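S.K.: So the protein lines, in turn, are chains A and B.
To convert, note that position 21 of the first sequence is 21 in UniProt numbering; the numbers rise steadily by one, no gaps.
To convert, note that position 342 of the second sequence is 342 in UniProt numbering; the numbers rise steadily by one, no gaps.
Hints may contain errors.
In this list, chains with the same sequence are indistinguishable; a pair is considered to hold if it fits within one copy or across any two.
Claimed, not checked - Think about it this way: if two alpha-carbon atoms lie no more than 20 Å apart in a straight line, the pair counts; the simulated EDC-like pairs of lysine to aspartate or glutamate are: (1) K106 <-> D156; (2) K292 <-> D341; (3) K310 <-> D285; (4) K329 <-> E33; (5) K332 <-> D235; (6) K310 <-> D61; (7) K81 <-> D248.
Bear in mind the hints are in silico, worked out from the structure with no lab data behind them.
The model shown is predicted, which means the values in this text are computed figures rather than measured ones.
Protein chains: 2
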Amino acid sequence: MIGILGGGQLARMLALAGKPLGLQFMFLDPADEACASELGEHLQGDYTDRALLAQMAERCDVVTYEFENVPVEIIDFIAEKTPVYPSAKALAVGQDRLTEKNFFRKLGIATAPYYAVDSFERLQEVMPEIGWPAILKTRRFGYDGKGQAISRSAADLQQAWRELEGSPVIVEGFVPFRREVSIIAARNISGAIVYYPLSENQHRGGILRLAKSCDNDPLQSQAESMIARLLEALDYVGVLALELFDLDGHLVANEFAPRVHNSGHWTIEGSETSQFENHLRAILDQPLGNTKTRGFAAMQNFIGGVPSLKEVLALSEVHMHLYNKTPRKGRKVAHATIRSDTPEALSGRIAALAKLAEQTDDS
Amino acid sequence: MIGILGGGQLARMLALAGKPLGLQFMFLDPADEACASELGEHLQGDYTDRALLAQMAERCDVVTYEFENVPVEIIDFIAEKTPVYPSAKALAVGQDRLTEKNFFRKLGIATAPYYAVDSFERLQEVMPEIGWPAILKTRRFGYDGKGQAISRSAADLQQAWRELEGSPVIVEGFVPFRREVSIIAARNISGAIVYYPLSENQHRGGILRLAKSCDNDPLQSQAESMIARLLEALDYVGVLALELFDLDGHLVANEFAPRVHNSGHWTIEGSETSQFENHLRAILDQPLGNTKTRGFAAMQNFIGGVPSLKEVLALSEVHMHLYNKTPRKGRKVAHATIRSDTPEALSGRIAALAKLAEQTDDS
């Protein structure tokens with residue numbers, strides 16, 4: 001039995017990848033409607049409910065999680081009884097943007113300039129070095145663009161500060177990137193590593209909209225070397241995603257996610273082995289699966305609503321993934337993956353899907 | 001909600017294909033351990049249980065089945081309330097080998113020579129025309145080589161007859177085939193049809209062991225034309241499999257199965273859209289998915305037992321499909337699919353998998 005903290009779409013897709021491997025799943029999720037629950041046992045309750053956590057630890061061979069805001073002490077609690085991957089250390093480093101950036105720096109992984117700031121005075125002090133525009137981010141519990149404020153000039157600095165005031169904050173310089181990319185890798189208990197091709201990612205409003213495989217990208221080996229350092233330094237087990245900015249050939253790390261990642265959803269049909277299957281193989285110490293891309297692949301998110309299934313399925317080489325979640329403003333409710341033999345065919349399908357996505361996207 | 005009569009591995013794989021399309025499933029199966037049941041609701045009871053059938057008809061938008069021995073009156077009973085695909089007609093024709101062969105003949109689809117025989121005297125009478133070796137088959141309820149007896153010469157004819165005596169029987173001439181192949185096609189409610197590439201199949205003891213995709217096979221269009229006639233004549237909806245003998249370039253029909261088929265399991269990773277997804281698209285009248293093969297694909301069955309997961313997954317481009325069934329002598333408990341970019345790589349993997357399969361195959 002595999003225990004998963006969280007019962008959302010990532011847990012759901014992990015379970016779908018695990019069924020052919022003969023695996024059983026248990027999900028801890030407070031939500032009544034946790035969309036993974038139809039694929040296993042649903043322990044409904046708070047993530048801090050010790051009785052439920054003990055039950056999961058007792059009954060599972062291994063535990064993992066689908067979101068990075070799990071309190072570290074919960075991982076420690078479960079880990080007393082049963083292995084948890086990725087480890088509490090990976091989780092802890094990733095939960096605090098300052099620790100994360102310092103960790104990058106220690107490993108020689110380039111980042112945008114940053115400072116921890118605990119007062120407006122300190123913020124004003126470091127701004128000459130950071131420059132404008134700058135991004136203020138809460139150190140903890142940000143996702144999908146939440147917990148961020150942009151300052152475009154000295155004039156709006158105080159306003160940006162007020163938006164986040166009260167939380168520990170870092171300020172980051174803006175790096176003039178050509179594109180946003182991510183690299184996903186998996187490392188198993190025995191230390192074997194596989195890397196996926198880079199994904200080129202398009203966000204809007206802080207939410208990922210489109211991710212596209214980049215085969216034979218000139219920056220692939222640079223990205224692999226960066227994520228390899230992280231995997232080794234954290235003695236990491238499972239799938240790790242690293243978000244990067246491409247500064248005209250030079251990669252700068254933004255943040256990592258110690259879990260399967262939205263920018264890797266095209267691996268379901270696009271790769272020989274999906275990120276979901278490789279995460280499971282990794283935490284079970286099975287040999288990792290081949291990560292090569294089958295042709296060219298991409299993923300279009302559907303936010304807030306889903307277009308007609310008929311219109312999506314009428315597109316050749318397009319695969320629908322509905323999460324069985326009630327549509328709500330700004331909520332990721334589905335994605336479609338596209339796999340094509342040529343970049344031209346892929347571009348055509350992406351355009352068609354993006355148009356369909358627009359119809360129902362309310363964000 | 002999709003209702004499926006039967007909760008075995010075919011139902012299980014249909015459900016796994018249906019989850020990303022947002023579908024819910026209900027399975028009627030007498031077995032306690034029906035292996036699909038972890039993916040939906042399990043109505044446990046006999047296939048003739050009218051109360052359960054009524055419940056399924058009441059609650060499902062459409063009903064389908066995973067085995068061809070469903071009594072036709074059950075389909076008729078459900079169809080009064082909710083659509084059932086494939087139709088009772090397709091089922092009825094396929095359930096009786098004589099009706100099936102006559103149907104082939106009527107459609108101009110070549111078969112081996114055959115006669116219905118209702119007495120040993122009649123059998124003796126037709127043997128000069130059939131010739132030896134000959135195969136006696138019960139007209140109904142045969143599968144995986146069951147309900148068959150071979151006569152190799154006049155000397156053992158009576159013994160073969162006695163093995164099946166009491167059931168309505170047909171006798172078939174042996175066709176000296178070069179290989180056994182099958183073609184799988186899907187037709188949706190609107191009448192659109194897609195065809196998969198031929199599969200080359202190897203049986204032993206009447207049970208399929210290995211199936212291999214045949215891209216650009218010279219007999220593809222011959223096979224398509226044969227199955228197209230069946231699909232149209234039956235006003236068929238869903239996936240249909242047609243087993244054929246290749247007599248040096250000339251195809252002869254053996255039998256059809258009105259369902260997803262073991263020889264199409266390599267379509268899960270090997271095809272752009274799997275037979276399971278296309279069956280669901282067909283019965284929901286959705287556009288059918290692209291059926292092209294991604295490189296070269298094959299499937300190895302695991303009978304009676306499963307080799308070590310580690311050894312299977314250590315093979316690159318190999319995907320394990322465990323059915324969560326208790327191993328039993330001669331029982332299909334899992335398969336692995338292989339997908340490779342070259343026929344050579346495929347052959348190497350097939351050899352390695354066949355070796356692993358041998359270790360646990362007790363049949």
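S.K.: The structure should be examined with respect to each hint, and the outcome stated for every one.
M.R.: The hints, checked one at a time:
In this homomeric assembly, K106 and D156 never come within 20 Å of each other (Cα to Cα): the closest approach is 32 Å inside a single copy and 83 Å across copies. Taking CA atoms no more than 20 Å apart as the test, K292 paired with D341 passes in both settings, with 14 Å inside one copy and 11 Å between copies. Taking the closest pair of Cα atoms, K310 and D285 come within 20 Å of each other only across two copies (9 Å); inside a single copy the shortest separation is 40 Å, beyond that limit. When the C-alpha separation of K329 and E33 is checked against a cutoff of 20 Å, the pair qualifies only within one copy, where the shortest distance is 17 Å, while the shortest distance between copies is 41 Å.
In the homo-oligomer, the alpha carbons of K332 and D235 never lie at most 20 Å apart, since the shortest distance is 31 Å inside one protomer and 40 Å across protomers. When the C-alpha separation of K310 and D61 is checked against a cutoff of 20 Å, the pair qualifies only between copies, where the shortest distance is 17 Å, while the shortest distance within a copy is 41 Å. Neither within a single protomer nor between protomers do K81 and D248 lie at most 20 Å apart by alpha-carbon distance, with minima of 47 Å and 63 Å respectively.
Violated hints, listed in ascending order, are 1, 5 and 7; each of the other numbered hints is respected by the structure.
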